[in-house]
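Protein chains in written order, with the working numbering: chain A, 95 to 266; chain B, 866 to 916.
Source of the hints: derived by calculation from the structure; they are not laboratory data.
Keep in mind it's a predicted model, so treat the numbers as computed, not measured.
Heads up, some of the hints might be wrong.
With a Cα cut of at most 20 Å, we get these calculated SDA-like pairs of lysine to any residue [stated by the list, open to error]:
1. A:Lys204 x A:Asp155
2. A:Lys204 x B:Asn910
3. B:Lys914 x A:Ser106
4. A:Lys264 x B:Ala890
Just some of the chain A residues that point at chain B, by a computed CB distance under 7 Å [what the hints assert, rightly or not]:
5. Phe121
6. Ile134
7. Lys264
Output of the computed footprint for chain A on chain B, the stretches with three or more beta carbons under 8 Å from beta carbons of chain A [what the hints assert, rightly or not]:
8. 877-886
9. 896-903
Beta carbons are placed, not taken as given, at the ideal position from N, Cα and C, and that holds for glycine.
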Amino acid sequence: MAQINYSFKQLSSSSCKKSKNIIIESFEYHPHRGIREKEILTQTFIDASLGNTKITMLSDDSKTIKGKLGLIALSNGSLELENKKLPAIIIDFVFVDNRYRGSSIDIDAKVSQMLLYYAIQKAIEISQTVGIRYLILRPDGGKENKRLVAFYESMEFRYMTDKHEWMYLKLT
Amino acid sequence: MVYSYDEQNKQIKLEQVPKLKGADAKRVEDSKVPTSFLKSVMAMNLNIKSA
Numbered sequence: 095m096a097q098i099n100y101s102f103k104q105l106s107s108s109s110c111k112k113s114k115n116i117i118i119e120s121f122e123y124h125p126h127r128g129i130r131e132k133e134i135l136t137q138t139f140i141d142a143s144l145g146n147t148k149i150t151m152l153s154d155d156s157k158t159i160k161g162k163l164g165l166i167a168l169s170n171g172s173l174e175l176e177n178k179k180l181p182a183i184i185i186d187f188v189f190v191d192n193r194y195r196g197s198s199i200d201i202d203a204k205v206s207q208m209l210l211y212y213a214i215q216k217a218i219e220i221s222q223t224v225g226i227r228y229l230i231l232r233p234d235g236g237k238e239n240k241r242l243v244a245f246y247e248s249m250e251f252r253y254m255t256d257k258h259e260w261m262y263l264k265l266t
Numbered sequence: 866m867v868y869s870y871d872e873q874n875k876q877i878k879l880e881q882v883p884k885l886k887g888a889d890a891k892r893v894e895d896s897k898v899p900t901s902f903l904k905s906v907m908a909m910n911l912n913i914k915s916a
């Protein structure tokens, strides 16, 4: 297990626009799912440069590990229950560099866990000043991606419907 | 803005958050807040820097 000095850095919309290609090319992608990962990541950076989503990067300040570890994109949205829109934060995308998937860092947490902890902490902080009821996400690959679903369930996310697509974490 | 990948057409597509009704809506509305888990996450000292 690598011991690193990690930090989260929130990217401005202008830095997303300016550094999009450099950041996207600095990552290593899954050998089979790389094309889809790169396309979704590119679109996420386009959305972030327009201010539609906010990207936060997880990096290693000690430079033990070269490059960024991963990122998460969050946006504002709603969850509609019986025609009533309830405020929510949407996890638009979670990406972990292929070199660090499943690896543990620092406090024995995986990179994806660290990114989720960040999202949960931010959502709770926002819910203390702005009405937010849920944190929601859609696991990439849906219910077929059992490992990913099990991971989100371990983080207290639950399926919204029997279709087993979108998941939610109730905040208040 | 959540995207998935359409393998047939080889392009990404925008996914919409479902609108819940009936039993699904009630289950989500009635579900409990995982208070102790949320507290443990809030207690973590994450090193967050601004851009």
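Outcome of the hint check:
Pair hint lysine 204 of chain A plus aspartate 155 of chain A holds up; C-alpha atoms about 17 Å apart against a cutoff of 20 Å. Distance hint between lysine 204 of chain A and asparagine 910 of chain B is fulfilled; the C-alpha atoms sit about 16 Å from each other, no more than 20 Å. Between lysine 914 of chain B and serine 106 of chain A, the direct Cα distance comes to roughly 12 Å. Compliance with the 20 Å bound is thereby established for this hinted pair. Distance hint between lysine 264 of chain A and alanine 890 of chain B is fulfilled; the C-alpha atoms sit about 13 Å from each other, no more than 20 Å.
Residue-level restraint check for phenylalanine 121 of chain A is violated (minimum Cβ-Cβ distance to chain B is 17 Å; threshold 7 Å). Because the beta carbon of isoleucine 134 of chain A sits about 5 Å from the nearest beta carbon in chain B, less than 7 Å, this interface hint is met. A least Cβ separation of about 5 Å between lysine 264 of chain A and chain B falls short of the 7 Å threshold, and the interface hint therefore holds. Figure legend: the segment 877-886 of chain B, annotated as covered by chain A; annotation consistent (7 residues with Cβ-Cβ distances under 8 Å, at least 3 required).
Three residues within the 8 Å Cβ limit are the bar, and the segment 896-903 of chain B against chain A gives 6, so the coverage statement holds.
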